[in-house]
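A.B. asks: Sequence:
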Amino acid sequence: MTIGRLLANLFLVGLIPVVVLVVYRREQSNTAHGLVSGIIAAVVVILALLAVRRYVPLSAGAMSTTVVVVEEAAKLCAVMLLLRRPAPTGTGPHSARNRLPTLGSTGYSVGAGFATTEHLLYLTAAPSVIVVRILTAGIIHLVTARLYSAVLAPRPAEGRYAAPRRDNHPATAPRTTRHTTSHHPSRTVRVAAATITGILLHLSYNLLAHRLDQIPSLW
Numbered sequence: 001m002t003i004g005r006l007l008a009n010l011f012l013v014g015l016i017p018v019v020v021l022v023v024y025r026r027e028q029s030n031t032a033h034g035l036v037s038g039i040i041a042a043v044v045v046i047l048a049l050l051a052v053r054r055y056v057p058l059s060a061g062a063m064s065t066t067v068v069v070v071e072e073a074a075k076l077c078a079v080m081l082l083l084r085r086p087a088p089t090g091t092g093p094h095s096a097r098n099r100l101p102t103l104g105s106t107g108y109s110v111g112a113g114f115a116t117t118e119h120l121l122y123l124t125a126a127p128s129v130i131v132v133r134i135l136t137a138g139i140i141h142l143v144t145a146r147l148y149s150a151v152l153a154p155r156p157a158e159g160r161y162a163a164p165r166r167d168n169h170p171a172t173a174p175r176t177t178r179h180t181t182s183h184h185p186s187r188t189v190r191v192a193a194a195t196i197t198g199i200l201l202h203l204s205y206n207l208l209a210h211r212l213d214q215i216p217s218l219w
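Residue numbering for the sequence shown follows my numbering, starting at 1 and increasing by one per position.
I should point out that these hints are in silico values taken from the structure, not numbers from a laboratory. Note that CB positions come from ideal geometry on N, CA and C, so glycine has one too. There may be inaccurate statements among the hints.
As the list claims (entries may be wrong) - Here are the in silico distance ranges between beta carbons for each label pair: (1) 189 x 23: 24 to 32 Å; (2) 25 x 60: 40 to 48 Å; (3) 210 x 50: 14 to 22 Å.
The task is simple: from the sequences and hints, build the whole structure.
C.D. replies: Next up, the structure:
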């Protein structure tokens, strides 16, 4: 491997986090936390899968499925932990904006951090392989992490980031309680459906990647 190829691959690998940081430059704090969370999740996954390969004998098909399930579970946990960060504090206009977790910055930054770390396994490959992986595996990680942030985020009328309700009625006025029934699926159902969808998308990519010889030799 030449120095030129290594530098070219490093440049390509760094494109995803740079693009995410530029797009969400007004949410730098949350985006940076998301990138770091994605990197940590990917490192944990790599170490866990290396341990599985060493100590748990699995067939090629079972190992491929294990890789997908572990990776999606790690991204889901990273997004979940980000969205459980403390509520924004401070009075400045930029304080809340930079600290408040939002759907786009949270999901895409976690996916970008995860994909970037995974792509580092391919630094010795040809730059064309990196480009193909950015357009395939990279997009898969971005989409699935964004999906998890969508289903895990609190609803506008609920959660710690909800606006406080105003009571315009006098204290002595009788209150009428209106009971409404939500027709939306529960959060558990939505998270489960999103996770299954992410796993199926990832498995579909892996089937194609095996044909294109894009699965790292580590697995």
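A.B. asks: Indicate, hint by hint, whether the structure satisfies it.
C.D. replies: Hints, verified against the model:
no.: 1; hint: 189 x 23: 24 to 32 Å; verdict: holds (31 Å)
no.: 2; hint: 25 x 60: 40 to 48 Å; verdict: holds (43 Å)
no.: 3; hint: 210 x 50: 14 to 22 Å; verdict: holds (19 Å)
Comparing the model with each earlier hint shows no violations; every hint is respected.
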